[in-house]
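Undergrad: Sequence:
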Amino acid sequence: MASPSAVVKETVKETLVGTATEEPGSQLSAQSRARFNSHAVKDPESGELYMGQEQFINAIAPKDEDYHKIKRDQYSILFRVADNKGTGRVSLTDWGVFENLLLKPDAEYEIAFRLFDVDRTGNVKYDNFRRLYELNKGPDNIPFDWDCEWAKLYIGSKKKRHNLSYPQFSQMLRGLQGERIRQAFQLFDKDGDGYIDPEDFERIIRETSKHKLSDHLLENLHTLCNISTGSKISYANVRAFQNMIKEMDLVELIVRRAISKSSDRKITRAEFVQEAAKVTRFSLFTPMEADILFHFASLDEPSGRLGLMDFAKVLDPSWRTPMYEAEDAGGAGTKKASFLHSALESAYNFGLGSMAGAFGAFMVYPIDLVKTRLQNQRGAQPGQRLYKNSIDCFQKVFRNEGIRGLYSGVLPQLVGVAPEKAIKLTVNDLVRGHFTDKQGRIPLSAEILAGASAGGCQVVFTNPLEIVKIRLQVQGEVAKTIDGAPKRSAMWIVRNLGLVGLYKGASACLLRDVPFSAIYFPTYSHLKKDFFGESPTKKLGVLQLLTAGAIAGMPAAYLTTPCDVIKTRLQVEARKGEASYTGLRHAASTIWKEEGFTAFFKGGPARIFRSSPQFGFTLAAYEVLQNVLPMPGTKREEKMQAGIGEVVGSMTKAANLDTSPFARSRNALKIILDLDEDFGRAKIPDAKSWKGLPKVMGGGGNAI
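Throughout the sequence shown, residue numbering follows numbering that gives the first Met the number 0, covering 0 to 703 in sequence.
The reader is advised that the hints may include incorrect statements.
To be verified - The list that follows gives simulated cross-link-like pairs (lysine-lysine, DSBU-like), each with its CA atoms no further than 35 Å apart:
| no. | residue 1 | residue 2 |
| --- | --- | --- |
| 1 | K151 | K84 |
| 2 | K68 | K151 |
| 3 | K103 | K124 |
| 4 | K260 | K669 |
| 5 | K124 | K211 |
| 6 | K503 | K387 |
| 7 | K189 | K231 |
| 8 | K189 | K157 |
| 9 | K62 | K669 |
| 10 | K209 | K84 |
| 11 | K260 | K528 |
| 12 | K265 | K528 |
| 13 | K277 | K669 |
| 14 | K70 | K136 |
| 15 | K245 | K265 |
| 16 | K103 | K245 |
| 17 | K189 | K68 |
| 18 | K209 | K136 |
| 19 | K157 | K669 |
| 20 | K159 | K124 |
| 21 | K68 | K124 |
| 22 | K41 | K62 |
| 23 | K395 | K592 |
| 24 | K62 | K211 |
| 25 | K592 | K387 |
| 26 | K157 | K124 |
Stated by the list, open to error - Label-pair restraints from in silico Cβ distances:
| no. | residue 1 | residue 2 | range |
| --- | --- | --- | --- |
| 27 | L134 | R304 | 46 to 54 Å |
| 28 | K159 | T222 | 40 to 48 Å |
| 29 | D248 | G350 | 36 to 44 Å |
| 30 | F460 | G303 | 44 to 52 Å |
Keep in mind the hints are simulated off the structure, nothing from the lab. By construction, the Cβ of each residue, glycine as well, lies at the ideal position given by its N, Cα and C atoms.
Using the sequences and the hints, build the whole thing.
TA: And the structure:
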């Protein structure tokens, strides 16, 4: 097998020296030829590269992809299409034809047609079609009568069979699933009353439509009887269900448009029907079809107001439920691996959060230093103050101490910001998660409690770092006012304070951080949800998140400034001639008596100007780091199969149409599976069954 780097080599070669026009398959792009070369094997006699059935499947269905309801070996049915000559191998020329076929707008139907056009004449003969069907249908599946009146309208009666052209064959496939469902209903409706049991309905849909439906639908098919008062399912229910799933793309478009007009990003059945009437020229969906859609979408949300996530469970065929993933994962070994992956992901997010938090803290650190200097200066008279205001403080620090002075004590801040953010965010999320109900609702009191708990827990770690940072920040100021004042390092301050001293002012720190987080987190959450319209199906942009964070930080920062002033005074080492504060109450009363009420809001504007941009810088850095440094071992986020036009939001993580050429081969296989869910499954036919069909070589003896 050729080297995996063939794509790069072929592309570079084409760019530098071009391609020879006489080379077989020269009309292929460099990427197409490289894909062929990377999977092809060499004929030991002729030296020609070719793909057998196994190599072909690897090329169009990579092993590391999730094939969900369609078995990977079923892609072998498409080998019969690519193998134009029936030799059991696909040459570069054959591969070029197949890839070109995939690019056609009607590729799905043309692939299915070429599969049954055994003689390659441009017509499907009934005998060939029927023989392939019999070879591939499941032995225990619901039978289908090809001599029914419906089939005769397409292929003629027994005595007057005629060949099917491509348009005729495609149209027959279009209506085949509906006829299979009709015949199956009649088979199970043994007493002819027009009703069948839910178990029979479930079997019909699983055998005829499983490959096109979501797990959520498949697991709840039996509940269809609940849309009426009886315990059985009528033929009208079955037809309405089929019509709804056939029009899923249009349903999705209508749902998206209706939800985009809703203030809470949710809609009712009436709003869906109203929007459907605007989108279509006449009432396309019957009342029963609308009932069925909302029945399955509201199984986990009985309120009647549904969002995109609720509809995604019905409309997205790739939807997986947590139970399905757990069962499909394969036992305790996978659970252990999943736990390890979660731990690694947490460590990855912690690392990115640490870097982003450090960046945000570094960018606004001069503002934090100015805030600390202003809060620490004592005296009520203007002549007793070293700094007039924030701007004057910034100018004097820069003039007297330089740029390094503006970053005095920055290292402890950068070290402390990582655990501070981690603890704060983790505790807030844990408490919010505990009080959040199944519908995602949480009382305001619980939001405040979650924020307060987060603020309280962070003090354990941040208070020691804050006291070191503050003493380093005012050190330059002391050096200018007192001759011979020694310059201390962070480690000296830690050793001098001791464990008890590192928690000096912790009560004031609690008094500041608890209300700060109690104000900040609920405000931030409601700004995102109520003002910017964030929901599980609408992700906010970076600018919206920055704005929400900045606005939320303003009241939280300013209203807690008095507590921050007291904390700063308690944590700063008193100078000669200045009284030391004995505690929280003593500091508050002394400041009030000597400096007045306004002293409690010293540095308030600086706190606002620091908190708001700090959150902005942190979030922006986090977004950039996620893109620049993705988690190792992760694949590109899988896209949900979106429907037609107008993408208003995402139903899952991302709702984009799969535009890769091999998506057409997957869709073609789904059309072929409308004939029978077992098409392409490995089986060993006898020689008599193969008589009249071209010989197909390949492992497993697939019935194609």
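Undergrad: If a hint holds in the structure, say so; if it does not, say that too.
TA: Cross-check of the supplied hints:
1. K151 x K84: This hinted pair holds, its Cα atoms lying about 31 Å apart.
2. K68 x K151: Distance ~32 Å between K68 and K151 Cα, so the pair holds.
3. K103 x K124: The given pair, whose Cα atoms are some 24 Å apart, holds under the 35 Å limit.
4. K260 x K669: Within the cut-off at roughly 34 Å; holds.
5. K124 x K211: Holds - the C-alpha atoms of K211 and K124 are around 28 Å apart, at most 35 Å.
6. K503 x K387: Answer holds: K503 to K387 is near 28 Å, not above 35 Å.
7. K189 x K231: 13 Å, holds
8. K189 x K157: 27 Å, holds
9. K62 x K669: Holds - the C-alpha atoms of K669 and K62 are around 19 Å apart, at most 35 Å.
10. K209 x K84: 33 Å, holds
11. K260 x K528: 16 Å, holds
12. K265 x K528: Cα-Cα ~13 Å, so holds.
13. K277 x K669: 31 Å, holds
14. K70 x K136: Within the cut-off at roughly 15 Å; holds.
15. K245 x K265: 24 Å, holds
16. K103 x K245: Measuring from Cα to Cα gives roughly 22 Å; hence the hint holds.
17. K189 x K68: 30 Å, holds
18. K209 x K136: 15 Å, holds
19. K157 x K669: OK: K157 and K669 at ~29 Å, within 35 Å.
20. K159 x K124: 12 Å, holds
21. K68 x K124: Given that 35 Å is the threshold and the Cα spacing comes to 30 Å, the pair holds.
22. K41 x K62: The given pair, whose Cα atoms are some 22 Å apart, holds under the 35 Å limit.
23. K395 x K592: 28 Å, holds
24. K62 x K211: Holds, at roughly 21 Å.
25. K592 x K387: 21 Å, holds
26. K157 x K124: 13 Å, holds
27. L134 x R304: 46 to 54 Å: 50 Å, holds
28. K159 x T222: 40 to 48 Å: Roughly 45 Å apart at Cβ, these two residues keep to the hinted range, so it holds.
29. D248 x G350: 36 to 44 Å: 41 Å, holds
30. F460 x G303: 44 to 52 Å: 46 Å, holds
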